[in-house]
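Here the protein sequences line up with chains A and B, keeping their order.
Throughout the first sequence, residue numbering follows the numbering used here, covering 49 to 272 in sequence.
Throughout the second sequence, residue numbering follows the numbering used here, covering 49 to 272 in sequence.
Misleading hints may appear alongside valid ones.
It does not matter which identical chain is used: a pair holds within one copy or between any two.
[What the hints assert, rightly or not] BS3-like, lysine-lysine: derived pairs with alpha carbons at most 30 Å apart:
no. : residue 1 : residue 2
1   : LYS171    : LYS111
2   : LYS132    : LYS268
3   : LYS198    : LYS219
4   : LYS232    : LYS205
5   : LYS205    : LYS268
6   : LYS243    : LYS205
7   : LYS120    : LYS243
8   : LYS198    : LYS232
Derived from the structure by calculation, the hints contain no laboratory data.
Number of protein chains: 2
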Amino acid sequence: MKSKKAPPAAGQAVVLLSGGLDSSTTLYYARSKGYKCYCLIFDYGQRHSREIRSAKKIAAGAKCPYKVLKIKFPWKGSALLDRKIKIRSCGLGTKGIPATYVPARNIIFLSFAISYAETLAAKKIFIGANAVDYSGYPDCRPEFLAAFRKVIQTGTKTGPGINVEAPLMRKSKKEIAFLAQRLKVPLQLTWSCYKGGSRPCGLCDSCVLRAKGFREAGIKDPLV
Amino acid sequence: MKSKKAPPAAGQAVVLLSGGLDSSTTLYYARSKGYKCYCLIFDYGQRHSREIRSAKKIAAGAKCPYKVLKIKFPWKGSALLDRKIKIRSCGLGTKGIPATYVPARNIIFLSFAISYAETLAAKKIFIGANAVDYSGYPDCRPEFLAAFRKVIQTGTKTGPGINVEAPLMRKSKKEIAFLAQRLKVPLQLTWSCYKGGSRPCGLCDSCVLRAKGFREAGIKDPLV
């Protein structure tokens, strides 16, 4: 007698994967729900290729196929695309949208995810968007995702047949760290820091949020 | 005394330009309304580069700056991206969405247009979408654009400060041909045919729709 049942076959899903804690946990979550996951990784001119390498390793480790889509933005407008703009050392809690905001990034990423999903006939798209412990990006909020679902319903061949799920939307970083641990996400392979380097800088918003989550969850971050 | 007033300065606009009749007319329309237009052209692996060359010539002829954004789709799923899929000879009037449908194409194009608009601080995006004499693509319909506006409102830094306008949405091809003539669109530079070649094939949906418009408007198409 088997002690553990295999998860039900839930169909195919496209998972947006950046290699950070949130998207990696989202991938493992989708897998745990029985989805056959196809990862979509973007090489969009971000400051360092470290996160792309992480994403590839995470996908490979989860035994999920992945595609890397290269985008060469012919404009700047974000600290993540333009080395002349400074990345702030923790500006969390300050008002406004930070310089690391990439105009329309999640809208673009989700658009490609729809295209990939329609090609695969996948019924689900997973995104690691989170609106609790986050940097204040507008394209991470539930009202944005609700609007985007309507775009899929009205603007695609599949229509309401594709849904977007953001399982981490309402979770704190502490809860995400717990979930990652429970799902056995290979945390040592993830990368959250906005900067490259051999170790996380510990100062950017992304590092500070990650550290807060691990600290509150009482879990040791293998990267630190 | 001047007989003609200069159009009012309406601000900056991003115009999606494919080089076809509709998007070229849209560009000239936006210009006639006083917008300083920035054209966005996509090199997305379409079957031929003829339409990209047309788009560049149209933008240059209208004295508008343009950016070409290259997308290398790592999947197929459309007759326009995959040479193994046949392009139908006029299937207009038949039910369903044709093989030339590129999954999520306008969603992707509009997403990049938002990104460009936010970088320029442009308040308007123009798209030549049309839901009267069209091929049946879901991402050309008014309900799709309405949903997309909501995505901009909720998912960007600028929020409701950017609007999408589709001035040709409710026009027949005949009316578009008339408008193009009135606005002095250089019709000889446009390209609508799905196939490359030195002359339009005359058989694909796009050629058939264009021919219908010109015929009904009693205007000679300089390409034929």
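Hints, verified against the model:
no.: 1; hint: LYS171 / LYS111; result: within (20 Å within a copy, 44 Å between copies)
no.: 2; hint: LYS132 / LYS268; result: neither (34 Å within a copy, 52 Å between copies)
no.: 3; hint: LYS198 / LYS219; result: both (24 Å within a copy, 25 Å between copies)
no.: 4; hint: LYS232 / LYS205; result: neither (36 Å within a copy, 35 Å between copies)
no.: 5; hint: LYS205 / LYS268; result: neither (46 Å within a copy, 35 Å between copies)
no.: 6; hint: LYS243 / LYS205; result: between (39 Å within a copy, 23 Å between copies)
no.: 7; hint: LYS120 / LYS243; result: both (19 Å within a copy, 26 Å between copies)
no.: 8; hint: LYS198 / LYS232; result: neither (34 Å within a copy, 37 Å between copies)
The structure is inconsistent with the numbered hints 2, 4, 5 and 8, although it conforms to all the rest.
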